[in-house]
Amino acid sequence: MEMPAPNPQIIAQKARIVKRLRAALPEGAVIDAEAEVRAYECDALTAYSCPPLAVVLPGTTEDVAKALRICHEAGVPVVPRGAGTSLAGGALPTADSVILGVARMSQVLETDYDNRFIRVQTGRTNLSVTGAVEEAGFFYAPDPSSQLACAIAGNIAMNSGGAHCLKYGVTTNNLLGVTMVTMEGEVIEIGGAHMDAAGLDLLGLICGSEGQLGVVTEATLRILPKPEGARPVLVGFDSNEVAGQCVSDIIKAGLLPVAIEFMDRPCIRATEAFAKAGYPDCEALLIIEVEGSDAEIDAQLARIVEIAERHDPVEIRESGSAEESAKIWLGRKSAFGAMGQINDYMCLDGTIPVSALPHVLRRIGEMSKDYGLDVGNVFHAGDGNMHPLILFDANKPGDLEKCEAFGADILRLCVEVGGCLTGEHGVGIEKRDLMGHQYAPEDLEIQMAVKDVFDPGWLLNPAKVFPLAATGARREAAV
Amino acid sequence: MTQAARPQSEAELAEIVAGSNGPLRIAGGGTRRSGGAGAALTTRGLSGVTLHEPGALTLVARAGTPLAEVERVLASEGQRLAFEPMDHRGLLGTKGAPTIGGAVAANVSGPRRVVVGAARDFLLGVRFVDGQGRILKNGGRVMKNVTGYDLVKLMAGSWGTLGVITEVSLKVLPAPEVTGTLLIEGLSDADAVRAMAAALGSPFEVTGAAHLPGDAPLTLLRIEGMEASVAYRAEALCGVLSEFGVSRVETDPEAGAALWRAVRDVEAFHGRDGHVWRLSVKPSEAPELVARLGAEAVIYDWGGGLVWALAAPGVDVRAAMAGTKGHATLIRGEGPPMFHPEPAPIARISEGLRAAFDPRGVFNPGLMG
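Going down the list, the protein sequences come from chains A and B.
Going by the UniProt record's numbering, the first residue of the first sequence is number 1, and it counts up by one from there.
Going by the UniProt record's numbering, the first residue of the second sequence is number 1, and it counts up by one from there.
Be aware that a few hints might be false.
[Said to hold, decoys possible] To give an idea of the chain B side of the interface with chain A (calculated C-beta under 10 Å), a few residues:
1. L92
2. A118
3. I135
4. L173
5. A197
6. E205
7. A347
8. G352
Hints in this document: simulated from the structure, not taken from any laboratory.
The beta carbon of each residue, even a glycine, is placed where N, CA and C say it ideally should be.
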């Protein structure tokens, strides 16, 4: 992935810029030593890295505003960073940029159970938001796989999802308000404990804007009462098509499971070797979880089993206890680790209409043979969000490039069948240059015009989301 | 008044916009408020459900498709629009047929919004014509999509000021087998909001929480789902709400539907004079706000988060909200601006966005600011 050449004038001014930041911010908030800034040279897309000019770690919204004002005046690009878990390179710096990290801003500012919200600083991790309210019987619904580490700031930037979106929606459906600092250093409040926007829905626009419109420092999040219980059923099938049809039939029957997870044979084999969850030896399996009281769960599972039985399943394993549930989830939760043990892998994130599932899986299988690279599929089937894992060897020259070309082909296929390039990871740098496959030039132009409104100088995370060729004129005009 | 322009295709609509010399008043079925001045342009000619995939919970329809038709198509497969769009005709005294494009453009929701979300939360994709007559798209027809900026949310609730929506993709949900409504009589506003908070904070999946004050105050709590499940949760909720005393549980489908339709469409205000305000506030602050509002009548929905107020034209509802976060929209009446004035930095961004989408300022000028 190409990144724009750094601006030598900014690099030449490093000492002056760092001095100004140090003067404005508390001690220890500015990092510029070469060895220390290296810790911020990449995010979870580790194939790409570049040490930033400097790193700023403010503790308050006001300090974020001060840092942004200085960078704005000096014309320094700013790359906002949550916990650095982006799989799309959303927090990848350039040599002339300042990383603005919110990791030190992790406080809970307010919990309100009567009105069902929590207000936090956005450096707080996703799982610790639930941690702050679970004793009172509540939880925060969006649950990306990285929830132990990922920050709310990044969740908002990427509009993160998770396994339970079918019922609870993604970040944007659970976000009530933000405090955001603009590139000019102005602090603005959007939304709050009330519902719906007073005018244009700026909250909906900011969520998922990949840190290009402002730096979100505080968030008001909707919390939900924890269900009485949840239990899954595991169903094995001897073809991907039949498993896909079963998903569709369950949804058509009016059932709304909280999660429907899908794994194909390569993935099942890898996880069995790794986690020994005792999964059946079959082509595809589904894990379908429902919620409610014990009796409600039994009734829903009975209906799901009845539908599954019409599809000649290889095996049906209904959980009757917490241990059985844990065992069913064990393999799914170890899937990424299991694949990683075999080889390096690239995780894709396209979404497709559920009806296109069998076709897309068949085509991925064919392409896998053509490219000579193995691929395992594990994904959220209820909402069509696929996560093909392409295995490659990072030490073998040319393998990464081959893997990226294969990945791009899969994403183009997702768009062709009516889906999209990314369901929950974001565009970042990874899918930036594929955007033209999903959107016409004028569709991208109106999105870039939105950035012009918030950040006319194109200083915030400038080399992400849009094809570099499309943003060149804007980025250069800013310099 | 001259006949409204009624293009039969997206391309024709784009040509009309590109060729317009003055302001355009954008409307769907004409049942809700629209821009004041300008040549009328309706999307009613763009009609029809183009895709319904029940197994994927998705529906795509042209903007001018009557809501009733969308609901009929969904019902044939046991599905529905979960955000429960309000019908404004009774309240505004308008005629015509509400359209799906209008419901989305005005982000119209109903009682279920408190739990499942608003129209904007179910909107997966849009096609629209911008102020220069360009045909644009954003989002798609899949439930999880973070490819580029979410202009879908921005278009929902933009009241035709950013573009004319020509097609919408929506997430739909299964309709429940049965519905039960718990009725509590005689609660004060403050107690009702407490009762609704207790119900909404329970694990029993309440999908509606409204309070109708007056001489015989009535608080309504809705549960939906499989038959045995609704029976179980109704009983469990009676326990949670024992301090408030549930009088009975309405399980008759038609009687229950009528109760919630009355809340959704604010039937208590039909045929009564005065301004109609829609206040979005933090639920626990609603009773005190209502006490100082000087309204003739109110209805609480969304557990208190939505207050409908009927007030004499001179009553300054927004002044009464000072110190309360939230906003008030003037749904019926003349005088004050329809939308709550925004703080300067927000107003500046909104103005910038309108200029980016509609540089000539032709769409519903003045409606949103």
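Hints, verified against the model:
1. L92: At about 19 Å, which exceeds the 10 Å cut-off, the nearest Cβ of chain A leaves the hint on L92(B) violated.
2. A118: holds, 6 Å
3. I135: holds, 8 Å
4. L173: holds, 7 Å
5. A197: holds, 4 Å
6. E205: It holds, given that the least Cβ distance between E205(B) and chain A is near 8 Å, below 10 Å.
7. A347: Check passed: Cβ of A347(B) comes within 8 Å of chain A, closer than 10 Å.
8. G352: At about 4 Å, which falls below the 10 Å cut-off, the nearest Cβ of chain A leaves the hint on G352(B) intact, so it holds.
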